[in-house]
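J.: The listed protein sequences derive, respectively, from chains A and B. FYI, in our numbering the residues of the first sequence are 1 to 269. FYI, in our numbering the residues of the second sequence are 270 to 703.
The set of hints was computed from the structure by calculation and includes no laboratory data. Idealized CB from N, CA, C, for every residue including glycine. Be aware that a few hints might be false.
Pairs of lysine-lysine, DSS-like flavour, derived with a Cα cap of 25 Å [stated by the list, open to error]: (1) 184/A x 174/A; (2) 682/B x 318/B; (3) 688/B x 318/B; (4) 164/A x 174/A; (5) 528/B x 557/B; (6) 387/B x 355/B; (7) 532/B x 594/B; (8) 318/B x 164/A; (9) 682/B x 174/A; (10) 164/A x 412/B; (11) 532/B x 557/B; (12) 174/A x 318/B; (13) 113/A x 87/A; (14) 164/A x 184/A; (15) 557/B x 574/B; (16) 413/B x 391/B; (17) 164/A x 413/B; (18) 184/A x 682/B; (19) 682/B x 164/A; (20) 164/A x 196/A; (21) 116/A x 98/A.
The following label-pair restraints were derived from C-beta to C-beta distances [stated by the list, open to error]: (22) 622/B x 193/A: 49 to 55 Å; (23) 622/B x 217/A: 43 to 49 Å; (24) 413/B x 108/A: 47 to 53 Å; (25) 217/A x 542/B: 53 to 59 Å; (26) 622/B x 181/A: 25 to 31 Å.
Footprint (simulated), chain B over chain A, 3 or more residues, beta carbon under 8 Å [unchecked claim]: (27) 21-32; (28) 161-173; (29) 249-256; (30) 262-268.
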Amino acid sequence: MNTLRSFQPHELALAAGFAVIIECGLSILLATASNQAHIKAIDEAPPEPVPIEVKPILDDVPMLKLGGKRQRAKLPDMWVKKPPVVKRYEATSAPTPKAPEKVDKLPDTPLTKLNKEPPPPDASIAKKVEETPKPDEKPTEEPNVDQPGAADGVKEGTETDPLKAFAVSQYRIKISSWFNSRFKRPSDEIPCAELKKLRASVTASISGERTVSSYSITKPSGNAIFDGRVKSTLDAIVSGGSELPPPPPDYADVLGSSISVAFFVPSCE
Amino acid sequence: MRIAPILSVVAAVLLPEICRAQAPATPPPDETVLGEIPVTGSTAEHFVKLAILPSLSPDLEDVVVRGVVRRDFEISGMFDLIPDGKAPSGLYGFDDPVDVPAWSNLGAEVVVKVAARKHDTKSIEVFGVAYLLAHGQEPVFQKKLVVPAADVRVTAHRITDALLGALTGRAGSFASHMTYAAPWGQSRRVLTMDADGHDLVPRSPEKDTSVAPTWGPAGTLYYSESHEYSPFFVMKDGGTAERVNLPFPTSVYSVAFDKEGTKMAVAVAENSGSAIYEGNADGSEMKKISTTDLSTHPVFSPSGKLAWVGGGGKQGTQRIFVDGKPVSPSGFAASAPAFCDTEEGVRLVFTVLVGNDRQDLVMTNERGGGIARLTQNQGSNTYPACSPDGRLLAFFTTRTQGAGAGLYVLSLKRWTTQKISSQIGESLRWARLP
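Starting from the given sequences, assemble the full structure and let the hints guide the process.
T.: As structure tokens, this is what we get:
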């Protein structure tokens with residue numbers, strides 16, 4: 001009460017008036033408020049089919065030569081006499097009026113299904129017959145060629161020793177890595193789509209010290225920038241005098257006096 | 270008309286001789302086997318995926334052989350090994366066929382099967398078989414060794430070496446041993462151990478000071494020894510140690526042999542310094558070849574070049590010399606040269622002194638070009654030695670991180686290290702077992 005007495009009546013009226021105005025204002029704002037902001041979803045353009053060109057690149061590893069033993073001439077499958085198919089029936093039990101009144105042992109075979117036709121009198125009965133026979137596994141066909149080689153080889157293959165083919169492919173990867181570490185792709189100068197189409201073939205001469213002594217671009221890509229990059233790479237290799245990795249001691253003859261090198265960029269990643 | 274038959278006879282007799290005389294001695298190498306090398310600018314390297322078949326055999330020799338071969342393949346860094354836990358379920362008896370489709374599904378390109386079983390009461394049979402899955406179920410390589418049961422570990426290493434040789438064309442060198450000198454009480458002794466850190470044995474007399482060991486012809490151990498402060502003499506330990514007669518009255522600090530075991534090089538005390546002498550492996554016809562005041566630590570390269578540490582006096586900081594020419598970078602004190610006959614070619618590895626009295630390993634080509642640092646900020650790394658196949662580099666380190674100080678091997682293929690021993694020493698050498 002003392003607190004109220006410290007205010008004048010008109011001050012109290014003024015405060016009450018302000019309070020009523022504020023409350024009314026808030027009520028009006030709440031009553032009229034509405035969310036006008038909307039975030040419109042951006043419709044993504046449907047993907048358009050882009051034609052791409054697929055260039056198969058042949059693996060030039062010394063491919064295993066196709067080989068095996070000449071097989072004797074055989075008749076076509078349609079003429080080969082096949083063994084007769086024997087239809088077998090599963091042994092089952094069925095009620096019969098001929099059954100004796102007393103039996104020593106009840107049959108342990110399953111009860112035959114109702115309305116099932118009885119097997120013919122001369123049928124071959126088996127204890128268990130699989131309803132769904134497994135599909136015949138097709139045997140691996142041996143190549144019918146009379147020459148040294150491997151069954152998993154190819155006609156164009158030259159190497160008959162799978163271990164040598166494997167070891168040489170490892171060495172080939174090593175030489176490829178050696179050139180790769182010295183070749184900087186001109187990705188910043190040629191658009192990716194065009195870069196992927198370019199390919200330059202080079203023949204490099206190898207010296208007795210296993211360095212690249214000279215080279216010739218046998219088939220340029222046709223793109224001046226790409227061919228220039230290939231040329232500058234090879235110039236640096238020749239002037240640098242770095243040695244190529246030595247071939248495996250067991251196959252020291254695989255590195256000759258020249259090698260063929262193909263510069264290309266299969267992907268821009 | 271009469272001349273024609275005579276000419277034809279003469280031609281028939283002479284032409285083959287002429288052709289034979291013009292024929293080259295050896296046929297030129299078949300370059301087509303390499304095909305066209307693809308160069309794409311990509312530096313990603315492909316590692317062949319290899320699986321070592323699990324074994325369910327409880328025999329101790331089988332467990333040892335398989336464990337040793339698997340660890341050897343891991344250390345070599347040559348292949349991506351498929352973890353044992355990923356092995357497809359199936360039968361893994363020795364005579365069971367390899368499940369090619371299941372292993373192919375795991376990405377395996379090569380499957381290796383190793384096994385050991387008793388041959389008789391004293392010996393065991395150890396098998397190593399390799400399959401290239403692209404080639405089918407028939408093995409492409411098989412090796413069988415019958416050895417005394419006590420040799421199971423070294424035989425497992427020999428199987429690994431044979432398998433690596435078959436798959437890469439370059440035999441492995443896990444069947445090898447190391448030697449080094451280490452402090453022993455008041456003096457130093459020479460010790461030897463297998464390449465996997467097993468079988469550590471002191472070889473030199475306990476009360477003498479023995480330093481700078483090396484492997485000589487026929488796998489014989491050589492080292493320099495001083496008895497009661499006498500000059501260092503070269504000792505040869507082929508079972509019982511004996512002194513090698515050399516024409517030097519002063520100390521011989523270290524000895525080295527070339528790859529063929531026909532040449533010897535020694536570091537000899539001379540005029541308050543030391544010099545390098547080179548001669549025959551028996552110590553005859555020794556000639557001085559170094560020109561620096563201080564020359565130590567001779568070592569031959571696989572191609573017959575001779576490297577040593579030279580310096581002091583007018584030459585200033587000690588550097589690595591190869592055939593008389595300094596090849597290590599000037600301004601860095603270099604030491605402990607070792608040659609590596611790597612898959613990329615011959616490399617020279619040595620240590621350089623860096624800050625805080627630490628040493629780090631660097632590698633160059635045989636002429637000192639293309640320098641690359643192999644260790645950094647991992648303690649002091651000293652005394653490199655290359656495996657005989659050039660795939661691994663061993664060295665001592667004082668590093669405190671990881672597995673701590675000890676003897677480590679670095680794969681020169683993957684640049685990963687593995688600790689094989691807690692020992693620390695000096696003058697490390699690595700050679701094939703005889």
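J.: It remains to establish, for every hint, whether it holds in the given structure.
T.: Here is what the structure says about each hint:
| no. | hint | in the structure |
| --- | --- | --- |
| 1 | 184/A x 174/A | 17 Å, holds |
| 2 | 682/B x 318/B | 15 Å, holds |
| 3 | 688/B x 318/B | 24 Å, holds |
| 4 | 164/A x 174/A | 15 Å, holds |
| 5 | 528/B x 557/B | 20 Å, holds |
| 6 | 387/B x 355/B | 29 Å, violated |
| 7 | 532/B x 594/B | 20 Å, holds |
| 8 | 318/B x 164/A | 18 Å, holds |
| 9 | 682/B x 174/A | 11 Å, holds |
| 10 | 164/A x 412/B | 17 Å, holds |
| 11 | 532/B x 557/B | 14 Å, holds |
| 12 | 174/A x 318/B | 16 Å, holds |
| 13 | 113/A x 87/A | 19 Å, holds |
| 14 | 164/A x 184/A | 31 Å, violated |
| 15 | 557/B x 574/B | 15 Å, holds |
| 16 | 413/B x 391/B | 17 Å, holds |
| 17 | 164/A x 413/B | 21 Å, holds |
| 18 | 184/A x 682/B | 23 Å, holds |
| 19 | 682/B x 164/A | 21 Å, holds |
| 20 | 164/A x 196/A | 32 Å, violated |
| 21 | 116/A x 98/A | 19 Å, holds |
| 22 | 622/B x 193/A: 49 to 55 Å | 53 Å, holds |
| 23 | 622/B x 217/A: 43 to 49 Å | 47 Å, holds |
| 24 | 413/B x 108/A: 47 to 53 Å | 52 Å, holds |
| 25 | 217/A x 542/B: 53 to 59 Å | 56 Å, holds |
| 26 | 622/B x 181/A: 25 to 31 Å | 30 Å, holds |
| 27 | 21-32 | violated (count 0) |
| 28 | 161-173 | holds (count 10) |
| 29 | 249-256 | holds (count 7) |
| 30 | 262-268 | holds (count 5) |
The structure shown violates the earlier hints numbered 6, 14, 20, 27.
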